[in-house]
Structure formats: structure tokens, C-alpha cells
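There are 2 protein chains.
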Amino acid sequence: IDKVLRGLRVGTLFHQDARLWAPVTDSTARDMAVAARESSRKLQALSSEDRKQILYSVADALEANEETIRAENELDVAAAQEAGLEESMVARLVMTPAKILSLAASVRKLADMEDPIGRVLKKTEVAEGLVLEKTSSPLGVLLIVFESRPDALVQIASLAIRSGNGLLLKGGKEARRSNAILHKVITDAIPETVGGKLIGLVTSREEIPDLLKLDDVIDLVIPRGSNKLVSQIKSTTKIPVLGHADGICHVYVDKACNLDMAKRIVSDSKLDYPAACNAMETLLVHKDLEQNAVLNELIFVLQNNGVTLYGGPKASTILNIPEARSFNHEYCSKACTVEVVEDVYAAIDHIHRHGSAHTDCIVTEDPEVAELFLRQVDSAAVFHNASTRFSDGFRFGLGAEVGISTGRIHARGPVGVEGLLTTRWIMRGKGQVVDGDNGIAYTHQDIPI
Amino acid sequence: IDKVLRGLRVGTLFHQDARLWAPVTDSTARDMAVAARESSRKLQALSSEDRKQILYSVADALEANEETIRAENELDVAAAQEAGLEESMVARLVMTPAKILSLAASVRKLADMEDPIGRVLKKTEVAEGLVLEKTSSPLGVLLIVFESRPDALVQIASLAIRSGNGLLLKGGKEARRSNAILHKVITDAIPETVGGKLIGLVTSREEIPDLLKLDDVIDLVIPRGSNKLVSQIKSTTKIPVLGHADGICHVYVDKACNLDMAKRIVSDSKLDYPAACNAMETLLVHKDLEQNAVLNELIFVLQNNGVTLYGGPKASTILNIPEARSFNHEYCSKACTVEVVEDVYAAIDHIHRHGSAHTDCIVTEDPEVAELFLRQVDSAAVFHNASTRFSDGFRFGLGAEVGISTGRIHARGPVGVEGLLTTRWIMRGKGQVVDGDNGIAYTHQDIPI
Chain A
1 IDKVLRGLRV GTLFHQDARL WAPVTDSTAR DMAVAARESS RKLQALSSED RKQILYSVAD
61 ALEANEETIR AENELDVAAA QEAGLEESMV ARLVMTPAKI LSLAASVRKL ADMEDPIGRV
121 LKKTEVAEGL VLEKTSSPLG VLLIVFESRP DALVQIASLA IRSGNGLLLK GGKEARRSNA
181 ILHKVITDAI PETVGGKLIG LVTSREEIPD LLKLDDVIDL VIPRGSNKLV SQIKSTTKIP
241 VLGHADGICH VYVDKACNLD MAKRIVSDSK LDYPAACNAM ETLLVHKDLE QNAVLNELIF
301 VLQNNGVTLY GGPKASTILN IPEARSFNHE YCSKACTVEV VEDVYAAIDH IHRHGSAHTD
361 CIVTEDPEVA ELFLRQVDSA AVFHNASTRF SDGFRFGLGA EVGISTGRIH ARGPVGVEGL
421 LTTRWIMRGK GQVVDGDNGI AYTHQDIPI
Chain B
1 IDKVLRGLRV GTLFHQDARL WAPVTDSTAR DMAVAARESS RKLQALSSED RKQILYSVAD
61 ALEANEETIR AENELDVAAA QEAGLEESMV ARLVMTPAKI LSLAASVRKL ADMEDPIGRV
121 LKKTEVAEGL VLEKTSSPLG VLLIVFESRP DALVQIASLA IRSGNGLLLK GGKEARRSNA
181 ILHKVITDAI PETVGGKLIG LVTSREEIPD LLKLDDVIDL VIPRGSNKLV SQIKSTTKIP
241 VLGHADGICH VYVDKACNLD MAKRIVSDSK LDYPAACNAM ETLLVHKDLE QNAVLNELIF
301 VLQNNGVTLY GGPKASTILN IPEARSFNHE YCSKACTVEV VEDVYAAIDH IHRHGSAHTD
361 CIVTEDPEVA ELFLRQVDSA AVFHNASTRF SDGFRFGLGA EVGISTGRIH ARGPVGVEGL
421 LTTRWIMRGK GQVVDGDNGI AYTHQDIPI
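If you read the sequences in order, they're chains A and B. Under UniProt numbering, the first residue of the first sequence is numbered 1, with each subsequent residue one higher. Under UniProt numbering, the first residue of the second sequence is numbered 1, with each subsequent residue one higher.
With the rest of the complex left out, here is chain A:
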């Protein structure tokens, strides 16, 4: 594990500083997780109003400490530039005054959101005077591993407070000063009745492998970063991971498509943000569209916008384009695979064989074919006549986005705050006992919530 994960640190800006970065033992990582759970229970015991007030205090503290935050951030940025870090990485690192204000505003928005804890999801009368409720409840302790963006720390910490969870944060070393000051500002705003240990910032060098071993005290890992980061974490821990390693999304253009619509959806799906996980990586086209030149029009619109095309066995011959190395490839750039398929069944089969079950789309005017595709494609998100780029928590209207999951357990696709929750069964009785099921007359009536 150690060796695998050390690979993640290539290219980061680690400076030896024994005081801040002293190696810690496994018990420290465990202690942090245990302390976070204890604090989270105190947080859960507060009233909804008190939890809301903590978020207001965090927002105020961010604004009040704007200058200090910027000063620390500028040191990170300077060090990153000095070390020749990629321009895009440096850009993600910078915290402008506007960004800090907007973070504070988003924390206040989260404060005003309906309390996600303690909602009654289902209510049943089990027997006369014996009432069962299924209620939403915090998951426990989350571990977030994130790269670059120090603003992710603020978003995640405030989501954890809103949902009553404990949190361990492991940020990229290129942002270590920014992360340290943001962590201090936030935890200082948490009242003593809860305790700042609710949110632990892991700053040591060796600790990711240690943390990933703690499946008995950490309930969920959320990696926020490259595909490589996510798949390395997935392959080295028994803790459930909420995230997506691959996003091999397909657009299937059916023979009954509206050509203008198909061009618009295909372009947007690839070009709106080519490196996004919900961008199209493979275009599948019905074989009949070769004859009436629709295939060519779709190809032109991509090529005219600078997309490099690779073909499957059929398309590479028909279109005279290089053959794709594999149908399971995610380009993450202005490139995609094209293939011609027999019909919608062949398209569905191709998606099941080669997709990553993230987001897949059909473009067709035939409602029966559309419903068949929507019913049979076994992916987290399946769209009819809409760009794959809509597959996103904010666009779905989930409010705060936790991430996108291609796992099938717990939460799937774009995940809002409910991905940070579990359930508890609460039963209120009057002394009822089971007594071999003779002691009770079950009624099992649903009670409207």
C-alpha cells in the first residue's frame, strides 16, 4: 500500500519541516478518527438551530480572516510557481478575495438548507400503540482526500457540519499552508461543546495508507481528484469509496434522430468540458445513418471543432480515420471514439461491454426506442435527447454536491448531501413484547408522513 500511494505524491511541493510534518504513528490516525466520531455525536445532539449557527459562525470567520487566509495562500502560490507547477494547477490553488466571499456565501446557503438529519422517511404502525419510524441519520466519520483546490476543504467541512458527520481531511501538499489556515479558521468557529476535533486535518507525510486501513472507525472515503487517485484509493482500502474512477460516457444516435438535435447534443457532450467525467468518450451511430450522410455531418461538426476521432473496426474503415486502441478508453481531451452499430440493441450491448456505467444518452425521435434504451441501459444516469453534461449534482438540482458515484451501493450517480447520511429505525411503544409473536397483534399499517 505504502509504495502504491507514495506514487500520488510525485510532483507535489513537500518541504521538510519537522515541526509541522513529523511522522505520526497509526494510533494517531485512529485517535483522530475516534475523536472525530465523539465530536460528531456531540454535534448531532445539538438542536438543528445550533448546527445552523455553527455554519453562520464559520462564514463570519472566513470573512473576518480573509487577509490571513490570502497571506498563507500567497505563500503556497509562490512556492508552486517557483517549483514550476503546471499553470492550471496554480490557477486552482489561488484564493482571491472574491472566492473567499463566495465561499462564505455558500456556507450561509448551506446553513439555510432544510436540516438533513432526523427526517422521517417512512412511518409504520407495527401494532396498536407501537410506531416505527425510519429516520435519516449522519453516516459517522468521513475521510476526504483532495488535491489542489483549498476551497474544497471549506465546502466539504461545511457539508460535514450540516450533515452531523465527523471528518478527516487529507489535502494536497501544494496547498498545505492554505489548508492549515482554513482548517484553523473553521475549527476555531466550532463551539467547545462540540470540539474542534470534529474536523481533523491530516498533515503528516505517511498517513494516507494508515488512514485507509482504519475501516473500523472510518465509514466512507471520498476522493476528490484525478482518476488515478480514485482508483488507487479504491484498490487499497476496505472502507467504502464514494467516487468515480472512469467516465466512459456514450451518445447513441439512432436512425430516427433529428439531425440538428443530434449535432447539438454530440457537440455539447464532447466539447462543453472535454476533460469532465460526464463528457462523451464514444459516439455510437446507427448503421442507416451512413447512407443518408448524417454520419458525415456528425463527424464534421466534431472535426470542425478540433476533436480528434478514432474509429472502431467499422467506423475507421468507413470514415478513413485511425483505429481506436480500445473501446474502454477515456480520452479526457478533445478526442473521442466513433463506431457504427446495427441497431439500439447493439448500442446497449456495446455500452454494457465497454462503458463505465456513468452516463449514457440516446438521441432519437422514436419514443419506443427511447424507452427501451432508458429501461435497459444499466448506468447511473441514462438520458434521452439531452447532453451527457447534465449529469452533475448542481444541474440535477441536488443543492450541495458531494461527488459522482459509479459504485452501485449506497449512492449512485450525482450525489447530494443524502450520500453523507444513513438511516436509523426508531420505535416507540407502550411496553410491548414479542413473546414468540403470540404477545402481539401485528397491524403493519403505513402512516402518512
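These are calculated hints, taken from the structure and not from any lab test. Fair warning: there could be bad hints in the mix.
Which copy? The list can't say, so a pair holds if one copy fits it or any two copies do.
Unchecked claim - Each computed EDC-like pair below joins lysine to aspartate or glutamate, with the alpha-carbon atoms no more than 20 Å apart:
1. Lys-134 to Glu-371
2. Lys-123 to Glu-418
3. Lys-430 to Asp-392
4. Lys-42 to Asp-343
5. Lys-122 to Glu-401
6. Lys-263 to Asp-435
7. Lys-263 to Glu-114
8. Lys-228 to Glu-207
9. Lys-287 to Glu-38
10. Lys-99 to Glu-368
11. Lys-42 to Glu-371
12. Lys-287 to Glu-323
Guided by the hints, dock chain B onto chain A, whose structure is given.
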């Protein structure tokens, strides 16, 4: 892994029979899982009515083959008796004509249940003419590892068919002939359009460790057997496990209790089925109850019913009973731990420190103390004035029970058929694109379902 899991087979009735039990390679296990997923997709593509019909055919086939099933079962039972298997194990193995009829009836009941697949759980207008639905969907491929009871095979197979999932079954060797004939009867009743590979019966000797490695093709493991089986599986696989290893359930009797009710609930929680996972293992009593002799009355009712008591540091002195080895102990028998606590806060703290987050109960007439306990105890099931024995899928009214989960992810506590489901996001549009979020006016209105 191999070594750990081989431990599970001690005491089973393995006979060398190269034809049936030839070792298989990893690719075979993988092939079975892949084939089960392919068949499950065909099953999902059927209409709800067609899936229902399969279950009716299974029920008919069980009745039609009653004699053959009993003949094979009698061979298992005879071999078990000859090998000197425990009487209770042999009893669980026996399939009487009545049991077979009742299994067929329960399969028909499941057939008549509302289709769990494709239900719309949430509906949102994302923008004008762009509608998003969150729908229930099969999880994929399940692996069930079960001991003894061949009836579990029938229950689980019919649950898998109802929920559109593929299934791999690994039964105990003491029931191998019964499992083989039941598997044949069920899969013969599955139409060719779906294929009998929907349900694979793993009969080889070495295959559990192989199966537990297949986290890329198996979505969930459900162990049905001893605590030891569950914890060994949990510690050797990256596949999510739905189950419970420990059930350390508490009853806390508050100072404001009704004595008769407390006696009734404490007795039922321990004595209704002492070895059950939802039986009381620890009785916590408020310190004030020592003075007014309530503590003694609670102790007497347990001792008079043959329960052996062990005390925590305080209770063992007060009551002059042997000290408990640990508060984290599950007796699974007519024995339990008793301790005296300061107040409800100390009780909650004790439960968090020593419990297994399965089911915990407070007995009190004080509504404020009750609500505090219900709100703060972080267990899958938390009860006020009701026996811990109610923590069960059938008693909760969930219909078919999949199991009880002490995990915090996906499903928690008693789990019905929804534990075998995930979700898919379905979006229907009219050609909408994202275009940097400039191409669309988000409305994000909830649509009533």
C-alpha cells in the same frame, strides 16, 4: 484467505466425489458471475408481469417436484445423522412436505408483491421540458453464502428473481444434495429468454476465496450463518457485505420506569430467543433503582428464568455476582451482563463504547429522557418501551427479509427487498444542452410522484 476460510469447513460433511466437487479455476467463478449479470439484464428487460410469471412457475415446480426434493433431502439428512452432526443442525436440514408447500406459498406471495423495480422515487423538472427521475433498479449480482437450511436457497433465489438480480449461491456441504435439486428445479423453471445462469450454484471446494476476490463482478455479499462466517467474510473481501457479525443489544432501565413494564421487556429481550442477534446481552440500570429494590426485582426475574448473570465493576459488588469478562461480549445464550449507571448520559456513553450498534432500548415513563435516548443513541434500531426482539424484518413489516445489517452504508438494521436495489437517474429532454450553463434556464421544481 484460503487458510482463514478453510476454517469454515470444519465439521461439515464433505465427501470426495471428483465429478461433483472438482476444483475450479478463478475464471470459472468469474464466468459464473458474468453470466449471472448477463441473464439478470435479460430478466430486467422483461415486463413486470413476465417476472411475476417466473415466480409462479418456480412455485409450481417446487410442488411438482416435492418427492424428488424430499428424496435428495433424506440422503443429506441420513448422511448428517451418520456423521453425528448436532441435533439442531439436522433439524434445520430437514425438508418436510409441509415446509416445501409453505416455501411454494411464500414464492407466490412474493410474486404478488408490488414490483420493486422501476419505481419512481423522486421527480424533478430540471428546466422546461427536461424531466429527471430517480428510479429503483436491481443491484446487479449478489453472492449469498449460507449454512444448513436449504429453504434459504429458495427464499433467496425468489427474492433475486423478484428484484431483477443475478445470484451466486454457496451453500453448506451438509445440504449439498438438497441444494443441488432445489437449484435444478428453480433454474429449470426460468425461461430460456433469461437463462438458468441467472442463478449459479457454486459447488466446488475451493471457490469461496475465489468468489470473494471478484469485487469487479459481484456487487454485494450476503452471508447467512454464524457470526464467525460473517466476520470472516467481512475481513477477507472488498465486496460490500450486508450482514451483522455481532448483536450486543442493551436495555437501559431508567429511574422513571414502570417496574412491571421493565420486567416484561427485560425478560422478553433476553428470553424470547436467547441466541438471536436482537436478544439483550447487557442490562443497564439507573443507580437510583438500587435503593428502591427495583434492581433486585429485575435480577430476580432473570435468575428465576435461568439466566446466568455477570456484573460490571459496580453491579458485581452490589449484587455479589461474578464479574463479566468484558462489556463487549455477546453470550448468545441464557446469560447476560448487568451494570449500574449514573444516568441516561452514562447509559448512552456505555452503549456507544461497548455496543455493536444493532438494537438498543430504553424503558422509562419520562418522555424527555426517552426522546434524548432515541435521538442520541447511534444504533441501527433504537426503541422506547418495546422489546429488542422486535428488531426484525417481518416484525417491522418489511415483507421479505434479506437480513439485518450493522453496516452504516447502503442499508441499516432489518433490510427488506430494497437492500437488493440501487437507483438510476433517468432524464428525458427535447435536445437541451449545457453550453457552459448558458444554454439552459434551470427551474429545479419538484414534481409530485
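Cross-check of the supplied hints:
no. : hint               : result
1   : Lys-134 to Glu-371 : between (33 Å within a copy, 15 Å between copies)
2   : Lys-123 to Glu-418 : both (19 Å within a copy, 16 Å between copies)
3   : Lys-430 to Asp-392 : between (46 Å within a copy, 18 Å between copies)
4   : Lys-42 to Asp-343  : between (57 Å within a copy, 17 Å between copies)
5   : Lys-122 to Glu-401 : between (25 Å within a copy, 17 Å between copies)
6   : Lys-263 to Asp-435 : between (67 Å within a copy, 13 Å between copies)
7   : Lys-263 to Glu-114 : neither (40 Å within a copy, 41 Å between copies)
8   : Lys-228 to Glu-207 : within (18 Å within a copy, 31 Å between copies)
9   : Lys-287 to Glu-38  : neither (60 Å within a copy, 25 Å between copies)
10  : Lys-99 to Glu-368  : neither (47 Å within a copy, 44 Å between copies)
11  : Lys-42 to Glu-371  : between (48 Å within a copy, 16 Å between copies)
12  : Lys-287 to Glu-323 : within (18 Å within a copy, 78 Å between copies)
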